[in-house]
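Q: With chain A held as given, fit chain B onto it using these hints.
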Amino acid sequence: MSLIPDSYFDYPLRKKGMDHDRYAARYLRDVPAFQWQGGKTLLVWATVHLEHFPMDMPASPVKPIGGMDRPYPSVWDYSTRDYGNRVGIERLFKVLDKHGVKATAAMNSALAPRYPYLMQEIVKRGWEVAAAGVDMGHLHHSQLTEEVEKALVTEAFATLRAASGQAVTGWHSPSHSQSALTPDLVADAGAKYLCDWINDDLPYAFHTRAGDLTHLPLSYDLSDHKILGLQNMPIDDYEYQLDAAFDVLLDESRLRGGRILSLSLSPWIIAQPGRIDALDRLLGRFLAADGVASATGEEIRSQWDALGIA
Amino acid sequence: MTQWREPFAYDHAPYAGRPKIEWPNGARVAFWVAPNIEFYELAPPPSPTRAVWYRPEPDILNYSMRDYGNRVGFDRMADVMAKYGVRGSVSLNVAVCDHFPEIIERCCELEWELFSHGVYNTRYLYNMTEDQQREIIRQSRETIKRASGQDLDGWLSPAISNGETTQDLLAEEGIKYTLDLFHDDQPMPVKTRSKNRLVSVPYMMECNDVPVLNFKNISPKNYLEIIKTHFDRLYAEGEESGTVMCVPLHPYLIGQPHRLHILDEALKYVTGHDKVWLATGREIAAHFEANYYDSFTDWMKPFNPEQPA
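Residue numbers (my numbering), protein chains in the order written: chain A, 1 to 310; chain B, 1001 to 1309.
I should point out that these hints are in silico values taken from the structure, not numbers from a laboratory.
Hints should not be assumed to be uniformly reliable.
[What the hints assert, rightly or not] So the derived list for chain B, only partly shown, Cβ under 8 Å to chain A, looks like this:
{"no.": "1", "residue": "I1060"}
{"no.": "2", "residue": "H1258"}
{"no.": "3", "residue": "H1261"}
[Unchecked claim] A few chain A positions that, by computed beta-carbon distances, are all more than 10 Å from chain B:
{"no.": "4", "residue": "M18"}
{"no.": "5", "residue": "K94"}
{"no.": "6", "residue": "P116"}
{"no.": "7", "residue": "K150"}
{"no.": "8", "residue": "D188"}
{"no.": "9", "residue": "D221"}
{"no.": "10", "residue": "Q241"}
{"no.": "11", "residue": "I276"}
{"no.": "12", "residue": "A289"}
Note that beta-carbon positions come from the ideal geometry of N, C-alpha and C, so glycine has one too.
So that you can see chain A by itself, here it is in the shape it has in the complex:
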């Protein structure tokens, strides 16, 4: 008898569109041409990941992106990451302030009570706070019960809303890892957008049991985590790829309608002394171009939703 059962050759989901009901198939090419507010064509969305990596965090069932490389207690790994929350973030504040960029701070909620100074500086600058789970040791995945996962989502939103005084409408699942229920729980908690799937360059409607969320395109292949952290490329290759992406998206935004360039930034990675100047140069070039502006995730969501595009 074959190890492959006859049922393997039934394809109940082989039909037009997706093989799930979270979102509809859509080709970017078919999105009608539009402009962002103020006649802008390309919005630069800077997302700053503020992450807490507990020293004894688990490495399974999902290996966290940027998780500990060595056995407990690895002060090397822990302090390298925490560097971002002390030194790196200050460099990012300076560079983003210089270019007038208000970022979305995608925060692990554990950081709010640990480092109140961070939240104070973020709020003072008018950055947007988005919820990014509790900490990097608590990833969302399908081996969690709904009750346990709901507690994580609730905790993240409640803590960040209380500490920031903001509505906190955005959600990013740490390490881009979701369970089958995460979007529903996030919608239950009153979020308006999420940014975990890496399948598009524009927002789209994302269906949940509590109504539609807007899905925003947070980059992964262009993130500092991926290029500098996982792929170990030198900073020149980061700058080169961001420049190349900008060129294509800017041209496309003028020819075919509004686009978003997502900068996914982690202070412990991009804000090392030998790397931060590259970001400074990139932002200088991006924002000097006609039709380019920066925006936060919530600003992009509200502009997009107002366009009424499917």
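A: Leaving out everything else, chain B in the frame of chain A:
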């Protein structure tokens, strides 16, 4: 001593003194681009041999990375290819015909070839009986015919998950050429148990964006250099006997904004040479089969003494 298992799908052929391959119009290199247009299922049935996803399901990170190719990357990639008059030979998960018929329509408008890369990229041939593999081949033939009117001539096993007799089955089912063998820079006869002819056409992993960009983490600018130098060598050697160069692509990688320029510059470079035949996989296989299959088969015989059973 342990006797190793070996499928023996091809005979040995030194890369010296071969019969001279002449491509149409005196070209030195038959250049072809193979976009892999794929569908990875979010919740595929499990495989007994290989984990389908990297993370516990739903692996939304890896699923959505690939979904980008169909939503966004395909059109960008197709635009650049059309700009240089380069047709694609699509390594197609045939279920895409059902999920995304608009993509297939555009491939047909561009006069691209469609060949089979299985039904889904999350359905491997591992552990399948011969009849089950035949079922996949026949389904591929029917689906491609229905969606495009084209005959199914070529084959790349989904995720290169072939079994010991897959090449035999391909020949028996009337497939003309296979891409599963990475042993040569020229087309070659494939040794199968049937009398039907099967040609292997070079499909180059060295220039494939998945291993280059995803597995080896090579920077896009170095990927462009790999393609150019690969081409330069094959173009030089093609003066002696025609070579094949293939660039296998995946729209979810090459169609991203930070990588699209690689394709543009690579195609500009290749099409800037005059002795290049811009071909499809089917055309390369047919030209070889009609003109060189017999001479290569005869020429190879002395290099392949009978092996003890």
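Q: According to the definition I'm using, a residue is off the interface if its beta carbon is farther than 10 Å from all beta carbons of the partner; does A289(A) meet that for chain B?
A: A289(A) clear of chain B: closest Cβ-Cβ about 15 Å, beyond 10 Å.
Q: Return the status of the interface hint for I1060(B): holds when the least beta-carbon distance to chain A is below 8 Å, violated otherwise.
A: With a closest approach of 5 Å, the I1060(B) hint holds.
Q: Does the no-contact call for D188(A) survive, Cβ to all of chain B over 10 Å?
A: holds, 18 Å
Q: Could you check that no beta carbon of chain B comes within 10 Å of the beta carbon of Q241(A)?
A: violated, 4 Å
Q: Could you check that no beta carbon of chain B comes within 10 Å of the beta carbon of I276(A)?
A: Fine: 20 Å to the nearest Cβ keeps I276(A) off the interface.
Q: May I ask you to check that P116(A) keeps its beta-carbon over 10 Å from the closest beta-carbon of chain B?
A: The claim stands: P116(A) keeps its Cβ more than 10 Å from every Cβ of chain B (closest is about 32 Å).
Q: Just checking, M18(A) versus chain B, shortest CB gap more than 10 Å?
A: violated, 7 Å
Q: Interface hint check: H1258(B), Cβ to nearest Cβ on chain A, cutoff 8 Å. Holds or violated?
A: With a closest approach of 4 Å, the H1258(B) hint holds.
Q: Going by Cβ atoms, does K94(A) stay more than 10 Å from chain B at every point?
A: holds, 26 Å
Q: Grab the minimum C-beta distance from H1261(B) to chain A and call the hint holds if it beats 8 Å, violated otherwise.
A: This hint holds: H1261(B) lies near chain A, its Cβ roughly 5 Å from the closest one there, short of 8 Å.
Q: Just double-check K150(A) for me: nearest Cβ-Cβ distance to chain B has to come out over 10 Å.
A: Fine: 18 Å to the nearest Cβ keeps K150(A) off the interface.
Q: For D221(A), is the shortest CB-to-CB distance to chain B above 10 Å, so the non-interface label stands?
A: At roughly 6 Å from the nearest Cβ of chain B, D221(A) sits no farther out than 10 Å, so the non-interface label is violated.
Hint compliance for this structure: hints 4, 9 and 10 are broken, all remaining hints hold.
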